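2 protein chains.
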Amino acid sequence: MTLLTKENTVNVSNTAAIYKSLQTTICRTFEQADGTGKFTQDEWQKEIGSGLTCVMQNGSIIEKAGVNFSHVSGIFSENMAKLLGEKANTFEVTGVSSIIHSGNPFVPTIHMNVRHFSLDNGSSWFGGGIDLTPTYINAIEARWFHQTLKDICDRYDTNFYPEWKTWADDYFYLTHRHETRGVGGIFFDRMQPANEADLKIMLNLTCDLLKIYPVIYSQLMKDNGYKPFTAAQKKWQKIRRGRYVEFNLIHDRGTKFGLETDGNIESILVSLPAEVEWVYQNQPEAGSPEAQTQELLKKGIDWVKG
Amino acid sequence: MTLLTKENTVNVSNTAAIYKSLQTTICRTFEQADGTGKFTQDEWQKEIGSGLTCVMQNGSIIEKAGVNFSHVSGIFSENMAKLLGEKANTFEVTGVSSIIHSGNPFVPTIHMNVRHFSLDNGSSWFGGGIDLTPTYINAIEARWFHQTLKDICDRYDTNFYPEWKTWADDYFYLTHRHETRGVGGIFFDRMQPANEADLKIMLNLTCDLLKIYPVIYSQLMKDNGYKPFTAAQKKWQKIRRGRYVEFNLIHDRGTKFGLETDGNIESILVSLPAEVEWVYQNQPEAGSPEAQTQELLKKGIDWVKG
Numbered sequence: 001m002t003l004l005t006k007e008n009t010v011n012v013s014n015t016a017a018i019y020k021s022l023q024t025t026i027c028r029t030f031e032q033a034d035g036t037g038k039f040t041q042d043e044w045q046k047e048i049g050s051g052l053t054c055v056m057q058n059g060s061i062i063e064k065a066g067v068n069f070s071h072v073s074g075i076f077s078e079n080m081a082k083l084l085g086e087k088a089n090t091f092e093v094t095g096v097s098s099i100i101h102s103g104n105p106f107v108p109t110i111h112m113n114v115r116h117f118s119l120d121n122g123s124s125w126f127g128g129g130i131d132l133t134p135t136y137i138n139a140i141e142a143r144w145f146h147q148t149l150k151d152i153c154d155r156y157d158t159n160f161y162p163e164w165k166t167w168a169d170d171y172f173y174l175t176h177r178h179e180t181r182g183v184g185g186i187f188f189d190r191m192q193p194a195n196e197a198d199l200k201i202m203l204n205l206t207c208d209l210l211k212i213y214p215v216i217y218s219q220l221m222k223d224n225g226y227k228p229f230t231a232a233q234k235k236w237q238k239i240r241r242g243r244y245v246e247f248n249l250i251h252d253r254g255t256k257f258g259l260e261t262d263g264n265i266e267s268i269l270v271s272l273p274a275e276v277e278w279v280y281q282n283q284p285e286a287g288s289p290e291a292q293t294q295e296l297l298k299k300g301i302d303w304v305k306g
Numbered sequence: 001m002t003l004l005t006k007e008n009t010v011n012v013s014n015t016a017a018i019y020k021s022l023q024t025t026i027c028r029t030f031e032q033a034d035g036t037g038k039f040t041q042d043e044w045q046k047e048i049g050s051g052l053t054c055v056m057q058n059g060s061i062i063e064k065a066g067v068n069f070s071h072v073s074g075i076f077s078e079n080m081a082k083l084l085g086e087k088a089n090t091f092e093v094t095g096v097s098s099i100i101h102s103g104n105p106f107v108p109t110i111h112m113n114v115r116h117f118s119l120d121n122g123s124s125w126f127g128g129g130i131d132l133t134p135t136y137i138n139a140i141e142a143r144w145f146h147q148t149l150k151d152i153c154d155r156y157d158t159n160f161y162p163e164w165k166t167w168a169d170d171y172f173y174l175t176h177r178h179e180t181r182g183v184g185g186i187f188f189d190r191m192q193p194a195n196e197a198d199l200k201i202m203l204n205l206t207c208d209l210l211k212i213y214p215v216i217y218s219q220l221m222k223d224n225g226y227k228p229f230t231a232a233q234k235k236w237q238k239i240r241r242g243r244y245v246e247f248n249l250i251h252d253r254g255t256k257f258g259l260e261t262d263g264n265i266e267s268i269l270v271s272l273p274a275e276v277e278w279v280y281q282n283q284p285e286a287g288s289p290e291a292q293t294q295e296l297l298k299k300g301i302d303w304v305k306g
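Residue numbers (our numbering), protein chains in the order written: chain A, 1 to 306; chain B, 1 to 306.
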């Protein structure tokens, strides 16, 4: 494989420009869907590279949203080499990651991440995914969510969705709770095509995810954002958010990587929800909507088939 | 060193009986100091051993308290051998750990832990400590807290307090935030005496910590438990609690050990506060009590000297 440095080829710098422009679209779409909430923009520059952290707090429906873009490069450390099983001198990576928490318990939490990674040894790959974490699982909504992702994947390769759906089930899993984070979605990593044409496919696919992401969530906001809820339903949301915090701080690789490399801590932890609660041995009443949700927090559910 | 298996010698089984009876005293003292809150008792039995998890939720002053006793034994795994740099076939350990969170922002969060560990190769050691995490740091209170711990340590060895105070500064440190968890206290591990007499000293010292712990906290509850507070002060408490969650899930060795060994998850995470909040880039106003507290979250402060 040759190094992808020419104009119009798929390289990380070109990808970064495309991703950054899609970040702008995402934020604009969310502002429109929310009605009152606005994103603040924090540009940061470090020796390692630059980024733009966009955060919305206390909108009408969106309680806390982070949409982060970054483009960094540096020395390929021994730790990275061990982790990735490759030898190289330098790396370059760009990505967009986002998490949205709504104040309304009937609007799920959503997470999206895409990234393009390359090494100076010629390796170049894409990773990413979208997953949904409802406070109350609605099977029809979960089916629509998965079908939407499947439709995008199927445009490129019909093997993608089934493989990446399983990957998401395995990745977004709280081993210490023996439960999934939510209804999953898709997750993929190190998709390293053998040629330029296939690299372009992966770039296009990740761009499709960046485009569908605000469309999916705007629909969920529209459908659920103004549903009335009780104090007990709000409490259940805060308890479920506790699981989200546990996943991000204990398991999530991106968060761990950020914490270990002394990254921009406020950007990394903007993923955490605003109000969270931990209750000792909270057990939803048998047969309640809360108990039904808890029973669905397991791997291997074929949401599309239903 | 000979194995400590005779009656009246310091061995883990004898220590377990003493620790368990002190757990009862701790819970009784907290119930008296709180006035209305009561501890629930959950006894658990697993192949590895047994324990008693005592939890109070929603008392008058205490919002959430866990006082956990456990006594377990098992195969000394390769992971443990690597971690401890010793060879052995089996281990046995007993301990009490406790964390108290108050609903009142002027009552600090406190943590106490003591443990006695032994291996079938003859090694036998103690570890533990007490540390304090105020929402608002009160220097007079911090001084009194440290002086109380120093007085206990000094009864046994005047080197203990200065060494263990530094150890606590280093241990209760959020590397990703570059701040200490609170005003520290004492922390020690693998105190492995060479003879029976010195083992007894360590046993007595850990028992003194178990006895002073509820005395210290009852005083803090009495002094601060009914102070009025504003919504802004409560919010600051929830934000500081976010740091507590970060420390426990990211850094704390005991929590990590529990999560990795598939321990009793509700007992392990009873340490987490009830209501928590994360706010992006929260910056207390310069000169405010919140900013003053934040400035004191650093290592090396000689609280006793003041």
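No wet-lab data here; the hints were simulated from the structure. What you are looking at is a predicted structure, and each value in this text was computed from that prediction instead of being measured. Some hints could be false.
The list makes no distinction among identical chains, and a pair is therefore deemed to hold if it is satisfied within one copy or across any two copies.
To be verified - Cut-off 25 Å, straight-line C-alpha distance, at most; resulting in silico cross-link-like pairs (BS3-like, lysine-lysine):
(1) K234 to K46
(2) K38 to K305
(3) K150 to K227
(4) K227 to K238
(5) K150 to K298
(6) K150 to K87
TODO: Tell me, please, which holds for K150 and K87 at an alpha-carbon limit of 25 Å: within, between, both or neither?
DONE: Neither: 35 Å inside a copy, 52 Å across copies.
- [ ] Please work out whether the CA atoms of K150 and K298 approach to 25 Å or closer within one copy, between two copies, in both situations, or in neither?
- [x] Classified as within: same-chain Cα gap 20 Å, cross-chain 50 Å, threshold 25 Å.
Task: Up to 25 Å CA-CA - K305 versus K38, copy category - done: neither (38 Å within a copy, 49 Å between copies)
Task: Status of K238 relative to K227 across identical chains (alpha carbons, at most 25 Å) - done: within (17 Å within a copy, 27 Å between copies)
- [ ] Go through the copies and call it for K234 and K46: within, between, both or neither, with a Cα cutoff of 25 Å.
- [x] neither (39 Å within a copy, 35 Å between copies)
Open item on the list: For K150 and K227, with the copy left unspecified, which applies at a CA distance of at most 25 Å: within, between, both, or neither?
Closed with: So K150 and K227 fail the 25 Å test inside a copy (28 Å) and across (57 Å) alike.
When held up to the earlier numbered hints, the structure conflicts with 1, 2, 3 and 6 and fits the remainder.
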